[in-house]
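Asks: Given next are the chains, with one letter for each unit.
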Amino acid sequence: FFQYCLSGHPTLPCNVLKFKSTTIMLDCGLDMTSTLNFLPLPLVQSPRLSKLPGWVLKDGSTFLDKELKECSGHVFVDSVPEFCLPETELLDLSTVDVILISNYHCMMALPYITEYTGFTGTVYATEPTVQIGRLLMEELVNSIERVPKAQSASMWKNKEVQRLLPAPLKDAVEVSMWRKCYTMPEVNAALSKIQLVGYSQKIELFGAVQVTPLSSGYALGSSNWIIQSHYEKVSYVSGSSLLTTHPQPMDQASLKNSDVLILTGLTQIPTANPDGMVGEFCSNLAMTVRNGGNVLVPCYPSGVIYDLLECLYQYIDSAGLSNVPFYFISPVANSSLEFSQIFAEWLCHNKQTKVYLPEPPFPHAELIQTNKLKHYPSIHGDFSNDFKQPCVVFTGHPSLRFGDVVHFMELWGKSSLNTVIFTEPDFSYLDALAPYQPLAMKCVYCPIDTRLNFIQVSKLLKEVQPLHVVCPEQYTQPPPTQSHRTDLMIDCQPPPMSYRRAEVLTLPYKRRYEKIEIMPELADSLVPLEIKPGISLATVSAMLHTKDNKHVLQLPPKPPQPPASKKRKRVSDDVPECKPLKPLLSGSIPVDQFVQTLEKHGFSDVKVEDTAKGHIVLLQEAETLIQIEEDSTHIICDNDEPLRVKLRDLVLKFLQKF
Amino acid sequence: LVFLLLGPGAGQDVGRSCILVSIAGKNVMLDCGMHMGYNDDRRFPDFSYITQNGRLTDFLDCVIISHFHLDHCGALPYFSEMVGYDGPIYMTHPTKAICPILLEDYRKITVDKKGETNFFTSQMIKDCMKKVVAVHLHQTVQVDEELEIKAYYAGHVLGAAMFQIKVGCESVVYTGDYNMTPDRHLGAAWIDKCRPDLLISESTYATTIRDSKRCRERDFLKKVHETVERGGKVLIPVFALGRAQELCILLETFWERMNLKAPIYFSTGLTEKANHYYKLFITWTNQKIRKTFVQRNMFEFKHIKAFDRAFADNPGPMVVFATPGMLHAGQSLQIFRKWAGNEKNMVIMPGYCVQGTVGHKILSGQRKLEMEGRQILEVKMQVEYMSFSAHADAKGIMQLIRQAEPRNVLLVHGEAKKMEFLKQKIEQEFHVSCYMPANGETTTIFTNPSIPVDISLGLLKRETAIGLLPDVKKPKLMHGTLIMKDNSFRLVSPEQALKELGLAEHQLRFTCRVHIQDPRKEHETVLRVYNHLKGVLKDYSVQHLPDGSITVESILIQATAHSEDQGTKVLLVSWTYQDEELGSYLTSLLKKGLPQSTS
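Protein chains in written order, with the numbering used here: chain A, 64 to 721; chain B, -16 to 582.
So that you can see chain A by itself, here it is in the shape it has in the complex (with noise of 0.2 Å):
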C-alpha cells in the first residue's frame, strides 16, 4: 500500500494510490500559480503591454529581452502562458487503473494524463462534475486559443539562465515540467474515457477494490471517495465544505472506521469567514456602483458564481440596484447558467424542493428573465452594443492572466472610480494585479473559499476517528506567513502522515482477513462442534478456487480411483501423494478412564507409572509404553501396524480435533 504524491498543491491534489492489486489515481489538479509569471494576453492589442521594456541582466547583457518584460518592478515571461503539470516521472502512469475526480476544478490537468502517459484505464466522476469540468476546460482553451501568440519563451528556462532572473521566477519550480494547455479534441478525448457515476454507488474494481463516491458539500456534483476491500478502508477526503451554499450537504458518517484517511483540499484563506466576504463582496460593489464606477469581478464560470448571484438577487433591490446591468461574460456563460438548473438531484435540500414545485432551482433564472442579469460568450458582438456603464461584470480567468478580464482591466485600470473585487481564492491578487501596476482602481479581496477550515477539520476527524491521517505537507505546519498561528494546522492523535510532491509514502496498514465464499454443497458437508458456549469449530478441507481476485472454496473432488494398470505394481506407487493432512489435536488425556477403555479392549496387563509431568502406561506383553503427559502423548511400540492403530484410535477418543 503506497502513495505516489504527484502534485505539491494542497488544493489542487494528485495523488496515486497502490491499494491491493489496483493502481489508483486520485484527481489530476492543474496547477495554474505558474501563470502569474507570464504577460496577460489582451483580446485587443494593449499598447501598455506592447511598449513594455525588456529585462536586462545587471550585467547590461539583454540576451532575454525578447523573453523577459519588465513592469512595475517585476519580470514576466511574455509567451503562451504554462501550466505546470503533475509529476509524470515518479511511476509509469501507463499502468494507472482508474482516475478518481472528487470536483471539477480537481481534474484540469486530465488530458496530459489520458492523452500523453499511455493511459488506458477508465476515469469515473459525477455528471455535473464532468459536465462543468467540461465548461471550465472550454473557457480556458477557449480564452488562451483565440489570442494566438507567436512567441514561446524558452531560453529562460535554461537551469543556468533562471539562476540568474529576480524572484519569484528564480525559485519557481520544474520548469522544464511547464507544459502549454491542451486543445479541444484532446479535451473531448480525455472527457470520453469518464464513466459517471452517482453518489453512494459501489463501483467494483477488478473484484479486489470497490470505489465509492460521497458528498463533499462544496461544489456541484463534488465527491470524496471511498476506496475500500473487505478489510481495508481509504477515505479520501478533498475539497469538502459544511457550509450550506447550494450544494447536496456533506456525507460525513460514511467515513467513519477508516483505516487511513487522505485529507486534501482545505480552505486555502483559513482566516476569513465566507459570510463575511460575501457580506463585504456586496458593500464594496453597491458603494462603487453608487459612485457611478464599474466593478469587475474576476471568477470561474461555475461554482461561487451561483451564490453571489444568488445573493445579489436578494440584495440588488434593498441597496438600490435594480437599474444596474449584470455582466456575466465567458464562452461558457450560458452554458453554465442552463447546467446550474438541471442538476436538482445534486443541490442542497431547499434547492431541490423549488424544483419539485417545479421551479428553476436558483434564482439567476429571475435575474435573466427581468433583464437584470445578461450574459455573453464574449465582449465582442452583442456585447459591445448592449454595454451600458456603470455595470457589474463577472469574467474570467481569476489569474488575470487570459480571458476577457484582462480587457476589463486594461479599460478600468485607470479610474479610481473603478473596483475590482476578488472573490476566488485560488492566486494571490497581489501577484494577480502586478502586471497591471500601477493601477488607480480600487482592488478589494475578499475571497470566498467555503472548503473546511482548521476548527472543522479536527471536528471531523474526532467525529470519524480514522486510524491514520495523511495530507499535504502544508497542513503539519502553520502557514508561513502567520507562523504563531498554530491553531491553523491539523493537530490529530496519531499525528498525520505528510507528504509532498515527488515522494513516495507507504500506508501504515496490515491486512490480516480476505473474503472467501463457501459453496453450498461443501457448507452442508461441515460438521459444527460446539467447543466454548458460542464458538463452534469445524475442520475444512476444501479446494480453492481464485478466479478475478475473488476466492471460492469448494468440496474436493472424490479420491480418483487407482488405475486399472496392468504393469506390475512398484512400490512407489503406494507412496503417498498429498501432504498429510491430519487435524490438529487438543485436550488431555485422562489417565484412570484412559486405563479403563484400555481393559475394555482386551488389553490386560496394563500398568501405570507416575512420572515428573504425568503417567506411562505400560502394555507388558505388548512391549509397548504410553507416556502420557499434560499436553502430550507418546505411543513408542513395536512395529506392529493392527496395534499401534488400535491405540492410536483409543487415543484420538479422549482429543478434540481441529
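Treat the hints loosely; a few may be bogus.
[Unchecked claim] Using C-beta positions, here's what the derived DEER-type ranges look like: (1) A/712 <-> B/549: 35 to 45 Å; (2) A/549 <-> B/151: 47 to 57 Å; (3) B/326 <-> A/445: 49 to 59 Å; (4) A/554 <-> B/104: 54 to 64 Å; (5) A/557 <-> B/151: 58 to 68 Å; (6) A/312 <-> B/421: 44 to 54 Å.
Calculated from the structure, these hints are not laboratory results. The beta carbon of each residue, even a glycine, is placed where N, CA and C say it ideally should be.
Given chain A, put chain B in place with the hints provided.
Replies: Then chain B, alone, in the frame of chain A:
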C-alpha cells in the same frame, strides 16, 4: 426466499401493481398501485394479509415505488395514512416531484367532482410524501444494516426506475414498467449483469413484438396531417405527463419540417407545469435531448401554445392536446362534445382506456353516447387508436433477462395467456425457472447462497504458496478451521484457531521399533536405509544428519543395535499424528527389509 402478491394486485392483470417480497427475512413492498377500473374498495390493494398480524410499519422494512403512474403509486396515501405506515418509502427524484401532483389531481376528480367520500385528503398526500426518501440512479441505499436497494434507469416515463433489492448474497430485481428502446424523449432501460436470484418483470406486451416505432409515428403524423389539410380539427386526449411530451416533440419537429401553419394547443392546467418538470429533470431524458438542451430545450415548444376554451369554437384546422386521457371528464371531454358531430374532425386515443369511460366506449365502436341529462351525442368524427405507451415487448423482456442474468424469472402485470407463451420462451432460451403467479398467490423460490467467510491472509497466502506451480488458476486443496462465533465466520489455520481459543495443542507421537536383519555396522545400516529411502521417496526430502539419524520430511529414524542379536538392527521410526500417513507408510516399507542389491 418467499415471494408473495397482494390482493387483486399485479399478477395476471394489467390493473395495478402491488407486490410483497420477503427476502432473507426482510419484507419489501414493491409499488402501491390503484385500480382505475373500480370505484369502490377494490381499487386499493387489500393489506389485511399484513395487518391481521400487526402494524404495517413493524412488518415492512421499506416500500419502493417504481414510477409515478397511478396504477403503481395511487394507493400510497391510503396505505401510509389511512391504513398506517411510517417506514421509509423510496422513489427517484422525478417520481417524488410528480407523484403528489398526480395524486392530488386524481383526488380532485374523485372527491370534488364525483363527490366520493372515504378517500384520502390533500393533507394525507402531503404527509405521505414526507415519508418519501428520494434516491439517485445507481446509488446503493442502505435501508438498514443488511438490506440495500439500488435504482436503475427504466425509460417508460420520466423518473421510472427498476430496483435491485439485496440482502447479503440474495437479491431480487423488480422492473416496474420499462422500455428497452429509446423514444423521442426518454432513453432505454439498462441494468448491469447483477445476476439476481429473481427478476420480477412486467409483461404488458408479453407476446407482441411491436412494429417499429417509426411506423407508428409516421402513421400518427399522416393522420394528423390529412385531417388538418382537409380543414378538420384533431383532438388528442392525453395525461399531462409522459406520452404527451413525446407526441408534442413529434408534432413540433414535423410542423417545423413541413412548415405547417395550423395551430397546436396544449390544454392548460398541469401541462405547462409538466413541461417544466421535463426541463428541470432533463438529465433523465435521452442522450440527444440532454446533449442539445443548452442550444435548444426540446421542451420549449415554438408551435405549441396554451389552449383557451374559447379556441375550441375557432374556425379552421387545429390540433389540441387535452387532459384527461380517457375522455372521462374535464377539458378533453368538453372539446370532444363540441367536435364529435363533424366528420372532418378526428380524435386520436394514444393509450389504454379503462372500461366505463367515454374513451373506452368510442374505441369499442359505440357511436351514440348517452351524456348526462339523457342527451344523446352522436359521434361522427373519426376515432383512431394508436398505442404509444412505452412498455417492453417480448423482445425487450428477453433482452433485459439477457442483461441481468437472473436465476429465476417471475412475470407480473400481464394477461395470463400471453404470459404463458413468454414463460415457455424464457424457460427454453435461458434455462431458468419462470413463474407467473395469479393475484394473491404466493410463490416461494429457494435460493442456495454460498456463505461468505473471512479467511486469514496468512492461511490464504500459505495455501497459495504451497502450489509451487506457476499456474495460479489451478484449484488447490486447502485446510483450515472455521470459527463460528456470534454470526461471524472466520477461516483460519488450525494453529491459529487453537491459539485464539486459548487451547494448547496436544501432541501425539508414535515411535515404532522396526527390526532389520543386517549384520553390518550401525552406520552402514543407516547408510543403506538412507539410500533405499532416497531411491523410493523421490519427491520427499530425505536427509542423513551428522548425528547418524535420518529424516524424511519431519519423521525421524534412528538405528541402534539389538541388545541381544548383533545381526539385527532396531530402527526407531518416530512421527507425529500430523505425519500419520507417511509414518505408517515408512514402517511398512522398512518392514519389508532392505533390497539385497544395495551395496
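Asks: Determine for every hint whether it applies to the structure shown.
Replies: Now for the hints, and whether the structure bears them out:
{"no.": "1", "hint": "A/712 <-> B/549: 35 to 45 Å", "in the structure": "holds, 37 Å"}
{"no.": "2", "hint": "A/549 <-> B/151: 47 to 57 Å", "in the structure": "holds, 49 Å"}
{"no.": "3", "hint": "B/326 <-> A/445: 49 to 59 Å", "in the structure": "holds, 52 Å"}
{"no.": "4", "hint": "A/554 <-> B/104: 54 to 64 Å", "in the structure": "holds, 55 Å"}
{"no.": "5", "hint": "A/557 <-> B/151: 58 to 68 Å", "in the structure": "violated, 36 Å"}
{"no.": "6", "hint": "A/312 <-> B/421: 44 to 54 Å", "in the structure": "holds, 47 Å"}
Going through the hint list in order, the structure does not satisfy hint 5, though it satisfies all others.
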